[in-house]
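Enquirer: Just so you know, the sequences run in chain order A and B.
Heads up: the first sequence at position 58 corresponds to 1047 in this note's numbering, and the numbers run straight through without jumps.
Heads up: the second sequence at position 211 corresponds to 213 in this note's numbering, and the numbers run straight through without jumps.
To be clear, the hints were calculated from the coordinates, so they are not data collected in a lab.
Be a bit skeptical, because a hint or two may be false.
As the list claims (entries may be wrong) - Which stretches of chain A does chain B cover? Using the computed rule of at least three CB atoms under 8 Å from a CB of chain B, they are:
1) 1035-1044
2) 1159-1169
What the hints assert, rightly or not - The following residues of chain B were derived to be distant from chain A, with all beta-carbon distances above 10 Å:
3) ILE155
4) ALA199
5) PRO201
6) ARG203
7) GLN215
Everything numeric in this text was worked out from a predicted model, so none of it was measured.
Note that the Cβ used here is the ideal one computed from N, Cα and C, for glycine as well.
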Amino acid sequence: MHIVVCIKQVPDSAQIRVHPVTNTIMRQGVPAIINPFDVFAIEEALRLKDRLGGRVTVLTMGPPQAEDALRKAIAYGADDVILLTDRAFAGADTLATSFALAQTIRKIGEEHPVDLVFTGKQTIDGDTAQVGPGIAKRLGLQLLTYVSAIDALDLEERSITVQRRSEGGVQVIRTCLPALITMLEGSNQIRFAGMDDMFRSARLTVPQWNKDRAGIEDVSKIGLKGSPTVVSKIFTPKPRAVKAQRIGADLDASGTANAILDVLSSQHPRLAQELGLITH
Amino acid sequence: MSENTAAPVKPKGKKRLELDPRLAAYKGIWVFVEMERGQVHQVSWELLGEGRKLADILNVELGAVILGGSSDELSAAARSAFTYGADVAYIVADPILTDYRNEPYTKAMTDLVNRYQPEILLLGATTLGRDLAGSVATTLLTGLTADCTELAIDPDNRGLLATRPTFGGSLLCTIQTLNYRPQMATIRPRVMAMPDAVPERSGRVISENLQMQEDDIIAKVLEFIPDEAQEQAQLAYADIIVAGGRGMGKTENFRLIWDLAAVLGAEVGGSRPVTHAGWLPADRQIGQSGKTVRPKLYIAAGISGAIQHRVGMEASDVIIAINNDPNAPIFDFATYGIVGDAVQILPVLTDALRSRLAVNRRAG
Ligand SMILES: Cc1cc2nc3c(=O)[nH]c(=O)nc-3n(C[C@H](O)[C@H](O)[C@H](O)COP(=O)(O)OP(=O)(O)OC[C@H]3O[C@@H](n4cnc5c(N)ncnc54)[C@H](O)[C@@H]3O)c2cc1C
Ligand SMILES: Nc1ncnc2c1ncn2[C@@H]1O[C@H](COP(=O)(O)O)[C@@H](O)[C@H]1O
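Isolated chain B, as found in the complex (with noise of 0.2 Å):
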């Protein structure tokens, strides 16, 4: 009872799993493409990219769930789920799915899987996912690897080898669903990598009923309160951060910080000391208890690259980290390293960016 992750390493021997029969019908990859508000999470084209890769690995059809409460907005999100690899829709509209709510979505999803029958079945890692994830998978009895960074097919037994950071990220471990269909996994936003858009795919829409009327459910939505349109969210999707590390001293010298993501057009993130510290707020810690990014350009300032701060901005194109310390671990994955004095470099860096772009403003 060690871990929760999984159990501990089946003795090694042969791979092949004898699938029971019943099992060894679920047959297809799917999705669930979360809706909020009528706004689909980027998170779910990302995992149809991913998705539509392990479906062409075992020749079977990608499919994207839907669930809402506008079927004019399920539609929309089914074309652009064909565009980005889908291979049939599964829709289920009804005005009882307009905000998330565990009960009904638990009973639409499982119903749909129950009739279907997916092998696979992938969902965002974010609250809604989440949330989602752990019920659904404990209503099927089935398992459920959370956070996975990476997924692949068993060749030996086309089953889905799900790997996930453990341990705060110092170890990493691959997971598999042995008896049991559908293998779950959810992946965090910014992990995989966006897919193209392929505008001219199109595929089926299978629409079913939700098997519930309003009276059935218990909880009922008083309100929303949306969270201020600057806070939040943007970071993930951030195309530049600037990120400061306890490195930076003191909260004051966060200015410096902020100041060069103004002349960037970047956003502000941070190491976890640093949002405990409340020099950031909590919402802009980045790294495996904060959020995942993958901006073309990750400047980090004072960061050390402790693992748990890696895992979540790795992915990023260009890392450029300055750090004092010849040898801070974040020198062993960034592109450009640059030993010295964050608090002296970034001033002097921002005042250059500024006359440079101020020069070509006035050329171009």
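Next comes chain A alone, as it looks inside the complex (with noise of 0.2 Å):
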């Protein structure tokens, strides 16, 4: 069996701030993680093989310092990893990103040939959830977005059977192989990283993969040219007019807790009502 894990590398955007005067973000000294919901498809990927054997292909699309995010693939235990790399990717949004990993996956594939995909629900930093579902499509796997648990996976048949997140409800749902999974976070804790598989992490040279390697001929498909979206204008959001108005300032506790249910009364008077703080 054959699984590739799509992970991004992203900024750990709990640091990131915003420049006060020029609108723009920060991003120096601001530590480069891998997407914390890619932990998640990374972990179910190796318990698949832990359990059924196989290899686990770790892909990301990025920068060159992105390899830092496959070294940590490696080190959880990971078999292969690549970099897909190229000034031509650069200005993808999700349309184009989807397009250049679903070739290179095409292009894996024609060694190995894939079986599963792994993503993650999402990206910390572009939160769209639509690469998984655009990968799948051109690829023509069976999607399955949201999954919280596999609950069966046969090689024979060829079947796999998984729980996924829907509205109000559990949706257990079996389709086929070859298949792309977007993981659900909290569904598993990754593991800790192995002696052997740190030295290895250590050692590797990172694969890289231009679009040439990858098979992409189609430039117009890639990049800037190949992303149907573009950003117009990016801005703060605007601050409330007005700050809070005080209650209770020289109050003590009782006195601060009538204040609120006066004002509540007299300011808002019908939700005061509906609240059954006043009775006309």
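Could you fit the two chains together into a complex? Lean on the hints.
Expert: So this is what it looks like as structure tokens:
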């Protein structure tokens, strides 16, 4: 069995600040991490491999620095990694990104046919949840989004049964390989890196693929050119004009509590009536 | 390749875009009406309300796309869609569409789009809507902007201006889909206001067949396990919410939040650190990576008001914030602010409320 896991290196957005004057993202010193949702995808792929054997290839498209994320993936126990990197990919939106990744997976499959592709639920920077479905459609893979558990995988029958989150409940769905799974967060816990794998990761030269290696000829489908969407404006959210009105500045807890109820009753009579605070 | 949201800002200049004549033929705004187990998701009505405004600006028709297994249910949904502003309902009824599955829904939707050519297609950013939107956009090879918080029409070129938070909400960006149609966007539940129904409004129904047989579809739904009735979803549509943050200090103190909520008949929510710490279940998280809410009353106790939390709740009518730091950002946008210890104030507030309600009940 061959599993490809797509991961993205993202800035740790908890540490991102916006420059107060220029309105630009201040990336300096912000550490890059594996997109947190993708870590669940890596772990699930490794668990399947532990159970059923096979190999796990981790793929990322990004700048040369993204090789750090792949080194990390090797340390967790991935067998192979590929860094898809080419200036021609710059400026890709989700449609162009899913094209490049799909093409690369097709190429990977020429050597070792791919049974399953994993992605995270979404990224924390792009946050679109579109790249997974995009890859699946382009490769004609069965699409399984928001998967919380893999109930069964039968390599003889080439069937897979998963639980996926849907509105108001969990759908148990059965389909055939090859399939693409977007993994829900919290579905598993990433393992500790093993000693051997850590050594392997440290020694590794990360294989880099450019667009030619990935078999991409049509440059109108990648990068800026292949992106239907453009950002026409970036701005900071506008602050509310008025600050909160202070309640109970000089009062004790009980005075404050009553002041809150008074202000609701007098300033928001309809709400107060619904709450039963006032009766008419 | 830095961001997945969209390509970098194109050089400023004339925003007029020469739309390919083939694409200029795309007319009208469509909203996907999401049905699961016969129940229309309220986000669909919210989007019809918003779609109506855009359709009036563009002077085009508003269409509702309704897919499902039972034609009775679909007809009922179409009648409701008209009352919320739709002019036309595009219906595909087929037993294959009873449970949501990506393949047949994608097929039904893309066939409709290719046939009737809407210029804008809006879907709710639910699990179902996001699954469908992503695969429809790729199949049609067009642009899709996820999780928008604001929609507008560019007066220069009649294009859709879709605004969404980026970088965890610290920034907003407006995204345009240039020479591609339809322009697609998903919008989260509760971001757009619920429109008022106009009962006497009605419209045309256009029915199409699904060009697919059950045997064509590989995926089979074996089972659907509904969530516990009290859990889930209720939060997004709650009228009153009491929310606690890290400032509540420890999990035991959340009893104070639940107590107040019980007396108010409110739902309970929290900030991300609180759900991460297990003080509340994960589906009670409010904010950018949790739920969007717009209750009539939002009480925030021990929540700093970080942008990622704020984007999920600032549409609330009245926000009361209790925080012991007078400089907490939440005071910049709350309606009322109490500087003090939430752990001390909450139980007193609960008691005061309880006794007023008791007095009123006796009086009334
Ligand atoms: C990609 C990304 C997505 C995110 N998504 C979300 C999201 O969906 N929702 C979300 O909430 N956050 C989200 N966050 C996290 C967010 O940035 C903040 O870290 C979080 O909202 C802070 O939660 P808090 O206000 O409870 O905690 P803190 O920021 O620690 O604030 C606690 C507050 O409590 C006050 N306080 C302390 N003691 C008391 C007391 N006794 N009485 C009263 N007040 C007290 C303090 O003054 C402080 O203001 C996200 C972050 C990232 C990077
Ligand atoms: N540049 C990339 N390289 C590899 N995988 C990616 C890339 N961008 C997105 N993905 C995958 O697609 C998922 C969804 O991303 P997004 O659509 O940006 O929310 C992520 O969780 C990753 O698994």
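Enquirer: All hints are to be evaluated individually against the structure, with a verdict given for each.
Expert: Results of checking the hints against the structure:
no., hint, in the structure
1, 1035-1044, "violated (count 0)"
2, 1159-1169, "holds (count 7)"
3, ILE155, "13 Å, holds"
4, ALA199, "20 Å, holds"
5, PRO201, "23 Å, holds"
6, ARG203, "27 Å, holds"
7, GLN215, "17 Å, holds"
In summary, the structure is inconsistent with hint 1 from the numbered list given earlier, while agreeing with all the others.
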